[in-house]
Amino acid sequence: MKGKKINSNTLLLLITIALFFVMYIAGCVVYANKGFTHLQTFLNVLINNAGLLCVACGMTCVMLTGGIDISVGSLIAMDCMFLAVGMERWGMSAPLLCLLVLVIGLVFGAVQGFCIGYLEIQPFIVTMAGMFFARGMTAVISTDQVSISSNQFFVNLANMKFQIPFGAYTNSKGVLQIPFVRITVLIALVVLVVVFLMLRYTKFGRSLYAVGGNEQSATMMGLDVKRTKLKAYMLSSFLCSIGGICYCLNTMSGSVQQALGLEMDAISSAVIGGTLLTGGVGNVIGSFFGVLINGTISTLVKTNGKLLSSWSNIAVAALLCFFIVLQSIFAKIKESKK
Amino acid sequence: MDNNVVLTMRGITMTFPGVKALDGVDFTLRKGEIHALMGENGAGKSTLIKCLTGINAFEAGEIHVDGINGPVVNHSTLDAQKKGISTVYQEVNLCPNLSVAENLFIGREPKTKLGTIDWKAMVKRSEQIMKDLDMNIDVTQNLEEYSLALQQMIAIARAVDMDCKVLILDEPTSSLDDHEVEKLFKLMNQLKDKGVGIIFVTHFLEQVYAVCDRITVLRNGQLVGEYPIADLPRVKLVAAMMGKDFDDLAAIKSEESPTFTDADLLIDAKGLSHKGTIKPFDLQIHKGEVVGLTGLLGSGRSELARVIYGADKNQTGTLKVKGTEAKIGAPIDAMNLGMGLLPDDRKAEGIIGDLSVRENIILALQAKRGIFKLLPMKEQIELADKYIEMLQIKTASRETLIKQLSGGNQQKVILARWLATDPDFLILDEPTRGIDVGTKTEIQKLVLKLAKEGKGLIFISSEIEEMLRTCTKMAVLRDGQKVGEITESLTQETVMKAIAGGGANE
Numbered sequence: 000m001k002g003k004k005i006n007s008n009t010l011l012l013l014i015t016i017a018l019f020f021v022m023y024i025a026g027c028v029v030y031a032n033k034g035f036t037h038l039q040t041f042l043n044v045l046i047n048n049a050g051l052l053c054v055a056c057g058m059t060c061v062m063l064t065g066g067i068d069i070s071v072g073s074l075i076a077m078d079c080m081f082l083a084v085g086m087e088r089w090g091m092s093a094p095l096l097c098l099l100v101l102v103i104g105l106v107f108g109a110v111q112g113f114c115i116g117y118l119e120i121q122p123f124i125v126t127m128a129g130m131f132f133a134r135g136m137t138a139v140i141s142t143d144q145v146s147i148s149s150n151q152f153f154v155n156l157a158n159m160k161f162q163i164p165f166g167a168y169t170n171s172k173g174v175l176q177i178p179f180v181r182i183t184v185l186i187a188l189v190v191l192v193v194v195f196l197m198l199r200y201t202k203f204g205r206s207l208y209a210v211g212g213n214e215q216s217a218t219m220m221g222l223d224v225k226r227t228k229l230k231a232y233m234l235s236s237f238l239c240s241i242g243g244i245c246y247c248l249n250t251m252s253g254s255v256q257q258a259l260g261l262e263m264d265a266i267s268s269a270v271i272g273g274t275l276l277t278g279g280v281g282n283v284i285g286s287f288f289g290v291l292i293n294g295t296i297s298t299l300v301k302t303n304g305k306l307l308s309s310w311s312n313i314a315v316a317a318l319l320c321f322f323i324v325l326q327s328i329f330a331k332i333k334e335s336k337k
Numbered sequence: 000m001d002n003n004v005v006l007t008m009r010g011i012t013m014t015f016p017g018v019k020a021l022d023g024v025d026f027t028l029r030k031g032e033i034h035a036l037m038g039e040n041g042a043g044k045s046t047l048i049k050c051l052t053g054i055n056a057f058e059a060g061e062i063h064v065d066g067i068n069g070p071v072v073n074h075s076t077l078d079a080q081k082k083g084i085s086t087v088y089q090e091v092n093l094c095p096n097l098s099v100a101e102n103l104f105i106g107r108e109p110k111t112k113l114g115t116i117d118w119k120a121m122v123k124r125s126e127q128i129m130k131d132l133d134m135n136i137d138v139t140q141n142l143e144e145y146s147l148a149l150q151q152m153i154a155i156a157r158a159v160d161m162d163c164k165v166l167i168l169d170e171p172t173s174s175l176d177d178h179e180v181e182k183l184f185k186l187m188n189q190l191k192d193k194g195v196g197i198i199f200v201t202h203f204l205e206q207v208y209a210v211c212d213r214i215t216v217l218r219n220g221q222l223v224g225e226y227p228i229a230d231l232p233r234v235k236l237v238a239a240m241m242g243k244d245f246d247d248l249a250a251i252k253s254e255e256s257p258t259f260t261d262a263d264l265l266i267d268a269k270g271l272s273h274k275g276t277i278k279p280f281d282l283q284i285h286k287g288e289v290v291g292l293t294g295l296l297g298s299g300r301s302e303l304a305r306v307i308y309g310a311d312k313n314q315t316g317t318l319k320v321k322g323t324e325a326k327i328g329a330p331i332d333a334m335n336l337g338m339g340l341l342p343d344d345r346k347a348e349g350i351i352g353d354l355s356v357r358e359n360i361i362l363a364l365q366a367k368r369g370i371f372k373l374l375p376m377k378e379q380i381e382l383a384d385k386y387i388e389m390l391q392i393k394t395a396s397r398e399t400l401i402k403q404l405s406g407g408n409q410q411k412v413i414l415a416r417w418l419a420t421d422p423d424f425l426i427l428d429e430p431t432r433g434i435d436v437g438t439k440t441e442i443q444k445l446v447l448k449l450a451k452e453g454k455g456l457i458f459i460s461s462e463i464e465e466m467l468r469t470c471t472k473m474a475v476l477r478d479g480q481k482v483g484e485i486t487e488s489l490t491q492e493t494v495m496k497a498i499a500g501g502g503a504n505e
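Heads up: the protein sequence lines correspond to chains A and B, in order. Position 48, counted from 1, in the first sequence is what numbering that gives the first Met the number 0 calls 47; the numbers after and before it change by one each time, with no gaps. Position 343, counted from 1, in the second sequence is what numbering that gives the first Met the number 0 calls 342; the numbers after and before it change by one each time, with no gaps.
Fair warning: there could be bad hints in the mix.
[Stated by the list, open to error] No more than 25 Å apart at the CA atoms, straight line, and that leaves these computed lysine-lysine pairs for PhoX-like:
| id | chain 1 | residue 1 | chain 2 | residue 2 |
| --- | --- | --- | --- | --- |
| 1 | B | Lys193 | B | Lys82 |
| 2 | B | Lys110 | A | Lys225 |
| 3 | B | Lys123 | A | Lys202 |
| 4 | B | Lys164 | B | Lys30 |
| 5 | A | Lys202 | B | Lys112 |
| 6 | B | Lys82 | B | Lys191 |
| 7 | B | Lys326 | A | Lys202 |
| 8 | B | Lys30 | B | Lys82 |
| 9 | B | Lys119 | B | Lys130 |
| 10 | A | Lys202 | B | Lys119 |
| 11 | A | Lys225 | B | Lys82 |
| 12 | B | Lys269 | B | Lys319 |
| 13 | B | Lys193 | B | Lys182 |
| 14 | B | Lys319 | B | Lys367 |
| 15 | A | Lys331 | B | Lys269 |
| 16 | B | Lys30 | B | Lys193 |
| 17 | B | Lys82 | B | Lys164 |
| 18 | B | Lys110 | B | Lys130 |
| 19 | B | Lys123 | B | Lys185 |
| 20 | A | Lys202 | B | Lys321 |
| 21 | A | Lys172 | A | Lys333 |
| 22 | A | Lys333 | B | Lys312 |
| 23 | A | Lys225 | B | Lys81 |
| 24 | B | Lys439 | B | Lys393 |
| 25 | B | Lys110 | A | Lys202 |
| 26 | A | Lys333 | B | Lys274 |
| 27 | A | Lys331 | B | Lys274 |
| 28 | B | Lys393 | B | Lys372 |
| 29 | B | Lys321 | B | Lys269 |
| 30 | A | Lys160 | A | Lys172 |
| 31 | B | Lys182 | A | Lys333 |
| 32 | B | Lys269 | B | Lys326 |
| 33 | B | Lys439 | B | Lys286 |
| 34 | B | Lys191 | B | Lys164 |
It should be emphasised that the hints constitute simulated quantities derived from the structure, not laboratory data.
Work out the full structure: start from the sequences and follow the hints.
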């Protein structure tokens with residue numbers, strides 16, 4: 000044996016990362032004249048998907064246990080609506096509302112996690128109920144589209160620019176453009192790093208893997224499986240609420256139709272990033288690249304300008320197929336080696 | 000408590016609804032001994048282990064563990080582990096997606112000052128553990144990269160590292176090959192030298208004699224006895240497990256065995272095998288012949304039958320049916336060749352509880368015809384009535400749901416199902432288990448009648464007398480291998496000697 004063996008899961012992650020770079024570089028080559036090469040294009044991908052990244056981190060944790068959380072899209076809609084109505088109609092302060100949103104997320108996740116962990120109900124069913132509940136609740140709060148404009152604190156927060164000291168360029172009108180990110184990107188990156196460290200260096204993080212690897216074994220080895228699941232769903236809803244705040248900072252509005260199907264984007268990001276639906280295998284770094292790939296695809300389609308935006312769905316579908324087939328081929332190879 | 004004793008169980012009693020699973024069982028384990036717990040399925044081995052490890056609650060009795068004052072009652076396996084009782088099961092209870100080091104330490108990881116997992120320390124300590132057990136493997140690799148045997152040993156290593164005094168190995172060798180078993184035995188002996196008391200549950204007799212110091216035999220939930228290994232030769236062990244006092248058995252002479260010609264050859268299996276369950280075997284079955292498959296439970300009796308029937312696909316060998324080579328990919332092929340299989344687990348594989356007696360009877364015939372050639376209702380009713388009458392199935396009506404019938408009658412319905420397909424060759428796996436004596440005799444008579452009609456049969460039963468009454472030839476299995484055939488002088492004595500195998504002549 001020479002050196003360290005790369006196991007198939009690491010290989011999948013590397014393929015994902017490589018694919019992202021290939022895709023991005025291809026975009027740069029093809030759409031060089033449309034500004035794709037500017038750093039800001041990449042940063043915009045991050046800005047547009049900061050919320051999704053938070054959600055994908057939570058989704059990855061849940062999927063590691065072998066579960067799924069499809070309530071996240073609706074929960075984001077509910078969060079945004081709550082924030083918007085809270086600020087515009089009830090005149091509440093933004094920090095308090097954000098705090099409330101996080102608490103709501105924790106409680107929401109605790110209820111779902113309790114049903115899944117302790118009552119042993121299928122995660123799909125429980126979070127589907129959560130999905131309907133949150134979407135319904137959004138409409139109960141308000142059926143209108145509510146824009147946030149009066150809360151100065153929140154508006155300022157959303158407009159804050161964090162400039163990056165390199166990659167500046169002068170645009171066609173001769174104005175110097177300094178690349179920047181929004182606060183949402185910083186939030187999302189902190190979430191990413193924290194979750195990454197948590198998965199690697201805490202007992203809870205490793206328990207998530209153990210539960211997804213073999214639930215019975217995990218019990219036998221003395222881990223509290225039920226508690227682990229409860230915490231996983233709480234974490235998912237909590238991160239989703241952070242994502243909801245980011246999402247709201249991006250859109251500055253609340254509406255019933257917001258973040259429709261976002262849960263599927265999160266799941267597809269995780270899967271493209273190498274997380275197995277069966278649990279036990281995956282990593283938030285993978286999910287990060289999954290989000291980037293998702294974002295890059297839609298940016299590519301937008302940059303093209305002539306393509307129907309639905310082409311990005313088709314591209315994601317093709318990628319998903321590719322990765323799932325790859326995963327199962329690897330699994331088959333592994334099996335045949337035994 | 001005796002200084003040398005790590006575990007005593009006294010008068011353990013537990014009942015499942017209607018059955019006394021354990022009836023005042025005593026068990027003693029000493030330091031540094033490998034103690035075999037033997038008994039046929041249903042003897043209470045697993046139940047006893049489960050009482051010890053806290054999976055089952057026992058009703059009466061006491062457990063004492065060395066170093067703990069007062070009687071011990073465990074409420075979970077975790078509880079038991081904390082008291083130094085660890086179990087390693089046949090199915091490896093580790094996480095394949097985690098590294099070896101993590102599997103050794105999960106739930107009790109070494110921590111850094113910040114309270115995070117100290118991977119370096121974990122890897123280092125894991126390497127030490129593995130080295131101590133003479134296993135030089137990369138502990139940072141995922142568990143799934145290693146063979147089942149190694150995984151098994153890693154599970155043991157985890158158990159031992161958790162300061163266990165009592166190590167229970169529940170059928171650990173079932174999925175290992177000979178070489179791997181040897182490695183495991185080496186490890187067991189090492190642990191024994193370190194003073195760990197090992198309870199070894201297995202159905203492989205050879206292995207018991209290879210490593211164990213002492214044997215405790217259970218039968219029907221009762222303690223038969225505890226013996227030093229030297230005092231219990233194989234034949235006596237088998238007799239103790241089966242509940243026949245070997246010396247007292249009066250030899251029952253069977254009738255002259257009829258002779259068969261090649262023209263009557265119905266099934267001719269050469270070198271058939273299925274990986275992991277049954278080693279290559281040859282078997283010939285003629286028209287009008289009843290072949291008994293005998294051996295201890297788990298010796299591969301059902302598995303052999305399943306391979307012939309194609310329920311488990313054979314990896315090697317050829318099967319000729321009525322002289323022509325047959326390719327059996329799935330049970331439907333076997334059915335079309337005129338075979339039938341009455342499985343031993345009728346709940347799981349046989350009856351379909353929510354269908355009526357009639358529907359259960361015509362099931363196999365309908366499957367054979369294909370779903371598009373529906374059997375006319377009139378014919379269905381005729382068939383059902385015919386077999387209800389013939390086998391005297393006690394049912395309220397032919398439309399009663401089969402799950403409402405008693406076990407014996409369910410068994411008859413399944414038998415009727417296969418008879419309805421008019422097979423040339425029928426495999427009956429434990430057709431008389433759990434049914435009353437009267438029905439047993441009826442089924443035995445029926446077997447003989449079918450043979451007389453020129454059908455070939457395989458008859459599997461745990462009751463040797465029953466086989467002696469019905470079979471013209473017995474194939475003996477041991478540890479997944481066919482070890483012999485008895486055609487002449489079929490008696491309790493010859494059969495039991497053959498089952499016990501080598502070293503049986505004390």
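A quick look at each hint next to the structure:
1. Taking the CA atoms of Lys193 (chain B) and Lys82 (chain B), the gap is near 18 Å; set against the 25 Å cutoff, the hint holds.
2. A hinted pair counts as satisfied when its Cα atoms are at most 25 Å apart, and Lys110 (chain B) with Lys225 (chain A) qualifies at roughly 23 Å.
3. The straight-line distance between the Cα atoms of Lys123 (chain B) and Lys202 (chain A) is roughly 18 Å, inside the 25 Å bound, and the hint therefore holds.
4. Distance restraint check for Lys164 (chain B) and Lys30 (chain B): the Cα-Cα separation of roughly 8 Å lies within the 25 Å cut-off, and the hinted pair is therefore satisfied.
5. Only pairs whose Cα atoms come within 25 Å are accepted, and Lys202 (chain A) paired with Lys112 (chain B) is accepted, the gap being roughly 14 Å.
6. About 19 Å separates the Cα atoms of Lys82 (chain B) and Lys191 (chain B), which keeps this hinted pair within 25 Å; it holds.
7. Between Lys326 (chain B) and Lys202 (chain A), the direct Cα distance comes to roughly 53 Å. Violation of the 25 Å bound is thereby established for this hinted pair.
8. In summary, the hint linking Lys30 (chain B) to Lys82 (chain B) is supported, as the alpha carbons are separated by about 15 Å, within the 25 Å threshold.
9. In summary, the hint linking Lys119 (chain B) to Lys130 (chain B) is supported, as the alpha carbons are separated by about 17 Å, within the 25 Å threshold.
10. About 15 Å separates the Cα atoms of Lys202 (chain A) and Lys119 (chain B), which keeps this hinted pair within 25 Å; it holds.
11. Under the criterion of a C-alpha separation no larger than 25 Å, the hint pairing Lys225 (chain A) with Lys82 (chain B) is consistent with the structure, at around 23 Å.
12. Of the pairs offered as hints, the one joining Lys269 (chain B) and Lys319 (chain B) holds, with about 8 Å between alpha carbons and a cut-off of 25 Å not exceeded.
13. Of the supplied pair hints, the one linking Lys193 (chain B) and Lys182 (chain B) holds, its CA atoms being roughly 17 Å apart against a limit of 25 Å.
14. Note on Lys319 (chain B) and Lys367 (chain B): the hinted pairing holds, with a Cα-Cα distance of about 20 Å set against a maximum of 25 Å.
15. For the hint pairing Lys331 (chain A) with Lys269 (chain B), the CA-to-CA distance comes to about 31 Å; that exceeds 25 Å, so the pair is violated.
16. For the proposed pair Lys30 (chain B) and Lys193 (chain B), the alpha carbon gap of about 9 Å is at most 25 Å, so the pair holds.
17. In summary, the hint linking Lys82 (chain B) to Lys164 (chain B) is supported, as the alpha carbons are separated by about 8 Å, within the 25 Å threshold.
18. For the hint linking Lys110 (chain B) to Lys130 (chain B), the alpha-carbon distance of about 22 Å falls within 25 Å, and the restraint holds.
19. At roughly 24 Å between alpha-carbon atoms, Lys123 (chain B) and Lys185 (chain B) fall within 25 Å of each other, so this suggested pair holds.
20. Pair hint Lys202 (chain A) plus Lys321 (chain B) does not hold up; C-alpha atoms about 63 Å apart against a cutoff of 25 Å.
21. Restraint check for Lys172 (chain A) and Lys333 (chain A): the C-alpha separation of about 57 Å exceeds 25 Å, so the hint is violated.
22. Our distance criterion of 25 Å between C-alpha atoms is met by Lys333 (chain A) and Lys312 (chain B), whose separation comes to about 22 Å.
23. Under the criterion of a C-alpha separation no larger than 25 Å, the hint pairing Lys225 (chain A) with Lys81 (chain B) is consistent with the structure, at around 20 Å.
24. Proposed proximity of Lys439 (chain B) and Lys393 (chain B) is supported: the alpha carbons are some 14 Å apart, at most 25 Å.
25. Proximity of Lys110 (chain B) to Lys202 (chain A) is assessed by CA-CA distance (about 9 Å); at most 25 Å being required, the pair is judged to hold.
26. Among the hinted pairs, Lys333 (chain A) with Lys274 (chain B) is consistent with the structure: their alpha-carbon atoms are about 18 Å apart, no more than 25 Å.
27. As the CA atoms of Lys331 (chain A) and Lys274 (chain B) are separated by approximately 19 Å, the hinted pair is consistent with the 25 Å bound.
28. Distance hint between Lys393 (chain B) and Lys372 (chain B) is unfulfilled; the C-alpha atoms sit about 30 Å from each other, more than 25 Å.
29. The hinted pair formed by Lys321 (chain B) and Lys269 (chain B) meets the criterion: a straight-line CA distance of about 14 Å does not exceed 25 Å.
30. As the CA atoms of Lys160 (chain A) and Lys172 (chain A) are separated by approximately 21 Å, the hinted pair is consistent with the 25 Å bound.
31. With a CA separation close to 24 Å, the supplied pair Lys182 (chain B) and Lys333 (chain A) stays within the 25 Å bound.
32. Of the pairs offered as hints, the one joining Lys269 (chain B) and Lys326 (chain B) holds, with about 13 Å between alpha carbons and a cut-off of 25 Å not exceeded.
33. For the proposed pair Lys439 (chain B) and Lys286 (chain B), the alpha carbon gap of about 23 Å is at most 25 Å, so the pair holds.
34. At most 25 Å may separate the alpha-carbon atoms for a hinted pair to count; Lys191 (chain B) and Lys164 (chain B) meet this at roughly 10 Å.
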